[in-house]
Amino acid sequence: MRKLTIRAAINEALRQEMRRDPDVYVLGEDVGVFGGCFGVTAGLIDEFGPERVIDTPITESAIVGNAVGAAATGLRPVAEIMFMDFVGVTLDQIFNQAAKMRYMFGGKATIPMVIRTACGAGGSAAAQHSQSLEAWFMHVPGLKVVAPSTAYDAKGLLVSSIRDDNPVIFVEHKFIYDIEGEAPEELYTVPLGKADVKREGSDVTVIATMAMVHRALEA
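If you're matching positions, the sequence shown starts at 98 in the working numbering and goes up one per residue.
Computed Cβ-Cβ distance ranges for the label pairs, DEER-style: (1) S158 to F131: 19 to 29 Å; (2) F202 to K100: 39 to 49 Å; (3) V303 to M201: 34 to 44 Å; (4) D143 to S299: 42 to 52 Å; (5) T156 to R296: 41 to 51 Å; (6) P281 to L314: 20 to 30 Å; (7) A223 to D189: 20 to 30 Å; (8) F202 to R312: 38 to 48 Å.
Derived BS3-like pairs (lysine-lysine); straight-line CA-CA distance at most 25 Å: (9) K197 to K241; (10) K197 to K291; (11) K291 to K241.
None of these hints come from the bench; they were simulated from the model. The beta-carbon is built from N, C-alpha and C at its ideal position, and this holds for glycine as well.
Kindly produce the complete structure, drawing on both the sequences and the hints.
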């Protein structure tokens, strides 16, 4: 099987889902012409144009608000928040709107949206660009939190997240973007909510996410 980086796997998932479903679109700061802060959305605007790959102003609350409104009307937005630290200004849109809407309409409303965001400390980044806040969102009813660690998982989980009818926080550790792994070229899904066993054993169980999966496998 071919190998590609986690960055490329996420890009391919976005590209293939946008080809498959015209209701899928991408928005965020620098996601279009620049291709994203970490290059994850590179080239998408060339294929799909500025109406489906939208460069937004620096206003995270508006980015997520756009996604919530669009999802409520049947579209499937994938919003990028450049660094997870910046979700602080979007908490009302996420906690009070996206997460609650399905419950407030008795299960009749769907909010099929994904928020992609990068986490992780190191690399001489400032404190406001280094946090991993996924634990916050895991305590919010109505949200799904996805945290891939390999190229295979990243592609399959993002496809599943886009197709899910609930809001998903898709967390990408910035220091594993360049790690290569096997992933099929064709579209496939990885089920949400199920852990993956990376190495079987009988003496001890080590539970890890994202970058720490690779540290655990090396230990």
